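Chemist: Chain order of the listed sequences is C and F. Heads up: the first sequence begins at 1 in the working numbering, then just goes up one per residue. Heads up: the second sequence begins at 1001 in the working numbering, then just goes up one per residue.
Don't read these hints as lab results, they were simulated from the structure. It should be emphasised that the depicted structure is a prediction, and the values quoted were computed from it without experimental measurement. Glycine residues also receive a C-beta, built at the ideal position from the N, C-alpha and C atoms. Possibly wrong hints are sitting among the right ones.
As the list claims (entries may be wrong) - Just some of the chain F residues that point at chain C, by a computed CB distance under 7 Å: (1) 1007; (2) 1011; (3) 1031; (4) 1057; (5) 1059; (6) 1061; (7) 1075; (8) 1086.
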Amino acid sequence: MELPDTYKPLSQVIFYDDFDSGLNGWINLAPNLAQDKMAYYPAQWRFAHWGPPMLSSATFSYAGTHGSMHGTYSMKIGSRPVAGRADEQPVSGSMGHAIKRLTFAKRQHLKCEMWYTYRAEQDRPGIGENAIRAFGFFWDVQDTEKRAFYGARYLNAAGGKMQQRWQLFRAARGEPEDWGDTGRSAPGEAAGEGDKEEHVFLQRGVDPQWHGKRYQDGSSDAFYDIPRSRQKLCFNETADKLNWHYFALTVDLAKREYVELQSVDRHFNLRGIAPSLVNAYPRINQLLNPVVWIEADTDRRVFLYVDSIVNSTGKGELV
Amino acid sequence: MRQFYTVVLERMQSYRGDFQTEPYETAWAGEAMFFVRVHEMTGTGTRLRSRVQVSVDGIEWLDEGTSFPAISEAGSHFVRVSHFGGWLRLANVLEGNDGAVQLTIQLALKE
């Protein structure tokens, strides 16, 4: 499939997914299963009910089928009609996720581009703009020493108040308990070699999309607020009119820092800002997992639509 | 080759009353199977009655006509549906006194 001119990838395209030909390996994000029974680790049940991805025609009651930017289907991720307070960590079902699982070969530049839009469910009057708390894209990536979470989130609203600014994944200093559940999260290195009791535990910095101490204005110990990043996107004037937006995030895996965020007409220089870093975990060497997600701010379902998404890598040139 | 996708709509989830699965878009698919796996059922005279519903917009729901037989104990069940348009969900009624059910619901879609 030929890449449209609307994308400006680095020298090697890792994948180009246009959702007119299936979900291309995107799947719901669910916790790890315990080793001794078919159940999740106790601390992780809260993460078992996020909304799954689906192929959407973007059809509305009184508008009909919007379709996607490059055809009929986009990948849609939805929340359930539930949300916690802005200063609480997300409650079960209040987010939707889609993840794809790869590995990577070289620590060099990595770029994600996507065309996306976002909506509140049209199940009641009102455009629902402030029903959407946040959405974003991140990579969970691990080299030989470190596991890192590089991500950008558009904080749209918090507690019903519009925020409309960009944040990056970067854990602030703090206590492990403030990060969230610190229980077992996966089998340890020696599990399967006789020591079935060994496990790894959640480290401060992992899964920033739902961990970290949060505050009423939508700021959080898990996110770094990009200075002067306030940006009003094209939400449009009614719940059934959607406009596709361009997003691009570039990071430097060699230096372990962000490089640039582009959102529609805005460019943010992110050099020198580190991601959320922890020590490497067993069994995920060279892991490269891109993730998109959305989070509700009220009891109204919210949706992120991804028309298409490209990940590319290269030696550092920004095309 | 025909496209295929199985989505897990409820994952070892517990309910004490009536519930519906979240709206799921199915416009690309021509046939579907709903699977209900009841892990545990408690209470007196507890019965789960599940029926398939369709929708034009994912908001207003109508019975499609296909129902599961009443489920009164742990076990796995399925139904087949076709020609269902853009959305599918499963509406579930839990009958009985102080009953609860823990279940997994999957929707298997094929082009």
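Chemist: If a hint holds in the structure, say so; if it doesn't, say that too.
Modeler: Hints and how they fare:
1. Annotation: residue 1007 of chain F was flagged as interfacial toward chain C, and the flag holds, the nearest CB pair being 5 Å apart, inside 7 Å.
2. Annotation: residue 1011 of chain F was flagged as interfacial toward chain C, and the flag holds, the nearest CB pair being 5 Å apart, inside 7 Å.
3. The restraint placing residue 1031 of chain F at the interface with chain C is violated, with a minimum CB-CB distance near 15 Å, outside the 7 Å limit.
4. The closest approach between the C-beta of residue 1057 of chain F and any C-beta of chain C is roughly 4 Å, which is under the 7 Å cut-off, so the hint is satisfied.
5. About 5 Å separates the beta-carbon of residue 1059 of chain F from the nearest beta-carbon of chain C, less than 7 Å, and the hint is met.
6. The interface hint given for residue 1061 of chain F is broken, as the beta carbon of that residue sits about 11 Å from the closest beta carbon of chain C, more than 7 Å.
7. Interface restraint check for residue 1075 of chain F: the shortest CB-CB distance to chain C comes to about 16 Å, outside 7 Å, so the restraint is violated.
8. Proximity of residue 1086 of chain F to chain C holds as hinted, the smallest CB-CB distance being about 6 Å (cut-off 7 Å).
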